[in-house]
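Once you have looked at the hints, place chain L on chain G.
As you go down the protein sequences, you meet chains G and L in turn.
Heads up, the first sequence is in my numbering, so the first residue is 1 and it goes up one at a time.
Heads up, the second sequence is in my numbering, so the first residue is 1001 and it goes up one at a time.
The hints are simulated quantities; they were obtained by calculation from the structure and are not laboratory data.
Even for Gly, the Cβ is constructed at its ideal location relative to N, Cα and C.
You may find that some hints are simply not true.
Stated by the list, open to error - Counterexamples of contact, computed for chain L against chain G with all Cβ distances above 10 Å: (1) LEU1038; (2) TRP1099; (3) ALA1112; (4) LEU1178; (5) TRP1195; (6) GLY1206; (7) LEU1217; (8) LEU1250; (9) TRP1262; (10) MET1266; (11) LEU1300.
Said to hold, decoys possible - Some but not every residue of chain G turned toward chain L, in silico, with C-beta under 10 Å: (12) PHE3; (13) PRO104; (14) LYS148; (15) HIS151; (16) ARG168; (17) THR206; (18) THR347; (19) ALA418.
To be verified - Here are the in silico distance ranges between beta carbons for each label pair: (20) LEU1111/L - GLY92/G: 22 to 32 Å; (21) PHE1061/L - GLY348/G: 15 to 25 Å; (22) VAL1267/L - ASP382/G: 41 to 51 Å; (23) ALA76/G - VAL1267/L: 13 to 23 Å; (24) SER1241/L - GLU326/G: 26 to 36 Å; (25) LEU1221/L - GLN28/G: 49 to 59 Å; (26) ASN1177/L - GLU108/G: 37 to 47 Å; (27) ARG349/G - PHE1220/L: 53 to 63 Å.
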Amino acid sequence: MEFRGEPKSLGLSEMSSKALGGDEAQSQAVLDALVQLFGTVDAPRLDSEGQSWNSGSQLSKAPADLASEWLAELRAGNRKRFEEELAQIARGDFDDLGPWKWAPQLSEDWEALIENAGGASDFGEQAQRFFSDYYPGLRDSAALYGNKCLHCHGNEGGGDGPTARTARPFPRDFRLGIFKYDNIRDGERPEREDLVRVITSGIEGTGMPSMAQLSPAQVHGLADFVRLLAMRGEVEERLVLDVEDGLELNESRVQSEFADILGIWRDGVRERLEAPTEVPQVDEARLRRGFEIFHDRTSANCASCHGTAGKGPGPAAFGPSPNEPETDIHLLRDAWGHEAIPSDLTTGRFRHGSSPGSIYERLALGIDGTPMAGIAQSTKADGTPLFSEDDLWSLVHYVRALSDPEWRELLSRLESEAP
Amino acid sequence: MTPSSPQTSTNPWPYRWAFATWLAAIPLLLFGGTITTLDAGMSIDGWWILEPGRGDHFLLFYPIEKWFRDLGTFSEHTHRLFGILVGNLAIVTVIATWWKDSRKSARFSALAALSAVCLQGWLGGSRVLESSPQLAFLHGALAQIVFAILAWNAIYLSPRFSASDKNQGAESATLRNLGVLAILGTYATIFAGTWLRHAFSHGALGVHILLVIGATLLVFLFAAKLKAASTNDPTKAHLRSAARRLHALLGLQILLGIASFWVIVMVTENLAPDVHHSVYPTLHVLFGALIFSQVVVATLWSRRACTSDRGRHPELEAAAMEASA
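Pulled out of the complex, with its shape left as it was, chain G reads as follows:
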């Protein structure tokens, strides 16, 4: 009995199928190319020039972007996760360990280790290292994704899992390669730590849960698998466009598209922006400056989307319907075609986080894939930044004050004084 919400063979997106006009031969050609590049749900892979990325279950086979500063945390997390197994190994008892749920590769590799150990005198040490150095390969991460993530994000990461029918906001569709809450400038692809952070802490105000109960290694593994799904989606789009343009999907074209996308993800130049650690004090002067920036129509113009009182949505969010000009509709859309509704800032709850630093980052960077632009990149005519760091902090404090009763009187006064 196959139940809804269980992993199935990776397929094509609805958009791809429509674009290919239901042509089975073309659809199969695209699917075959994707299987060749990314494997299947039971055996996912990422092959680049014969080198498989993340195919084993040990740190030694982890992706190259897993920086050394993560290793200590991963090992500590593994020791905690495999506490019982390690205690058993320390007693010299290697029987009846495994199999492990949502870790088929780990289970197989353990069996292989036992078989090949041949009664080695240092097997205890080998076994300890085996668990301490566990890093989920794509196969284990795919299994874990199927249990934890698929019901919302869908089989191919298209944000179309069973729960997505009613979940609002919509679960992320990874396949555009766009991720809203990263710390990367200019809309470039997120880095590992951006995905790890979101997976670990979840997203407030949405159905995205915190996965903090998983070990750090499992979270990193999930980040790897999410990247695979994102890359797969982007390559799929390129291949479908090639087919639409009448191009043949031969080996060299397929590899070329793949190398392009992999290159963007793996080698793309990214500039991170993180909030300064020192947060300046809130005072009336800062709040006045924040109020000015928020309402200034010639610069940040936040009020146009979020409303003059920050309750959102503001006048820029609405406009006449193309079919019925006398009717106003919500105009703002995100990259996935959904309504992008400017948030009510007076609730004090923000999806990226409510700390001053988190709000700073969102104001500076914007939210990728939505009309929310980052203001850190705004420049004057001479190329100098339009807003200083101090300006940003003023805006941060103003936004936070919108939900703080302590500043209500001042904010009302500012509004009444405004021209």
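Relative to the frame of chain G, chain L by itself:
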């Protein structure tokens, strides 16, 4: 209130609480069915402690703005709250039964009902914690059995039932046997329906439709026999009303089944049904549960005879017995 005799109970409170439990299970089933129809089973992370690591809300204190975030979350949380209500009412029923009804069988019945509710609640929580479609299927398949147990329990604890006479006649035995067949047929249909909703295979649809035909015939036959048994016999008027209810429920259920089939056709043709079309399959599930519990209860009653006075006025009964002696 007078204490009950070992064989009868005149105290209405165990029955009232048991009936309230069954009544509260109706919206519980309705929301549970909605969750399956909308695939909203995993809308809320966690059980008892919701959104661990991102709020850590105790279930009963889940913030209202999150409760109403979207339809899936609303359905899932409301379902859980009704589950807690049913559980608490089942506990109160056990307490009331222990206090007011000295019959071992009554206490066993109340405990069995509570155990069934606890098992179903545990399955629901496990489904979420394990993120298991298989447990979701089991939770859905057992819901109607638990609902029927609650109905059985309510009837069993009622003074009217305990004061009724056991009818040993051959006709009653036939009626009971037909009732058992109707129970099996109805549940088999429900099971196939659960398979269809959780696995959505065309094979399941075919099996469900075949079983529907068989179960409908069995239930109609059972209802006809109930009606026949109650003709010209005032001690079996309760069977006549059971027959009427079965006829009404069956008629509505067939209409809901046709509407649900139409929704399936739309999904098969990739015409995503509107959320409000989901009402038909959900009501179809609820009415299936109502029919099943009615068949169970009618089977329980099938070997009973009672007058309208019995159980309500024991002093009248005693006076009647003296007069006849």
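Evaluation of the provided hints:
1. LEU1038/L, annotated as away from the interface, has a beta carbon of chain G within 10 Å; the closest lies near 5 Å.
2. Every Cβ of chain G is farther than 10 Å from the Cβ of TRP1099/L; the closest lies at roughly 43 Å, confirming the non-interface assignment.
3. Every beta carbon of chain G lies more than 10 Å from that of ALA1112/L, the smallest distance being close to 29 Å; the non-interface claim holds.
4. The beta carbon of LEU1178/L is kept farther than 10 Å from every beta carbon of chain G, the shortest such distance being approximately 31 Å.
5. Its beta-carbon lying about 7 Å from the closest one in chain G, TRP1195/L breaks the requirement of being farther than 10 Å from that chain.
6. Its beta-carbon lying about 15 Å from the closest one in chain G, GLY1206/L satisfies the requirement of being farther than 10 Å from that chain.
7. Every Cβ of chain G is farther than 10 Å from the Cβ of LEU1217/L; the closest lies at roughly 27 Å, confirming the non-interface assignment.
8. LEU1250/L, annotated as away from the interface, keeps every beta carbon of chain G farther than 10 Å; the closest lies near 28 Å.
9. With a least beta-carbon separation of about 18 Å from chain G, TRP1262/L lies farther than 10 Å from that chain, consistent with its non-interface assignment.
10. Residue placement check: MET1266/L keeps its beta carbon more than 10 Å from all beta carbons of chain G (closest about 14 Å).
11. Separation of LEU1300/L from chain G is adequate, the least Cβ-Cβ distance of about 33 Å exceeding the 10 Å criterion.
12. Given hint, PHE3/G at the interface with chain L, holds; its Cβ is 4 Å from that chain's nearest Cβ, closer than 10 Å.
13. Below 10 Å, beta-carbon pairs count as interface contacts, and PRO104/G has none with chain L, the closest being about 17 Å; its hint is therefore violated.
14. Interface restraint check: LYS148/G against chain L, minimum CB-CB distance 6 Å, threshold 10 Å, status holds.
15. Below 10 Å, beta-carbon pairs count as interface contacts, and HIS151/G has one with chain L at about 4 Å; its hint therefore holds.
16. Of the supplied interface hints, the one on ARG168/G holds, with its beta-carbon coming within about 4 Å of a beta-carbon of chain L, less than 10 Å.
17. For THR206/G, the shortest C-beta to C-beta distance to chain L is roughly 8 Å, which falls under 10 Å, so the interface hint holds.
18. Hint on THR347/G holds. Least Cβ distance to chain L is approximately 8 Å, under the 10 Å limit.
19. A hinted interface residue such as ALA418/G counts as satisfied when its beta carbon comes closer than 10 Å to some beta carbon of chain L; here the least separation is about 30 Å, so the hint is violated.
20. The beta-carbon spacing between LEU1111/L and GLY92/G, approximately 48 Å, falls outside the hinted interval of 22 to 32 Å.
21. The hinted window of 15 to 25 Å between PHE1061/L and GLY348/G holds, with their beta carbons roughly 18 Å apart.
22. Between VAL1267/L and ASP382/G the beta carbons are some 59 Å apart, a value that contradicts the proposed interval 41 to 51 Å.
23. For ALA76/G and VAL1267/L, the Cβ-Cβ distance of about 48 Å falls outside the hinted range of 13 to 23 Å, so the restraint is violated.
24. For the hinted restraint 26 to 36 Å between SER1241/L and GLU326/G, the CB-CB distance of approximately 58 Å leaves it violated.
25. The given range of 49 to 59 Å is respected by LEU1221/L and GLN28/G, whose C-beta atoms sit roughly 52 Å from each other.
26. Restraint check, ASN1177/L to GLU108/G: a C-beta distance of roughly 54 Å breaks the suggested window 37 to 47 Å.
27. Range check, ARG349/G to PHE1220/L: about 56 Å between beta-carbon atoms, so the 53 to 63 Å window is met.
In terms of the numbered hints stated before, the structure departs from hints 1, 5, 13, 19, 20, 22, 23, 24 and 26, listed from lowest to highest.
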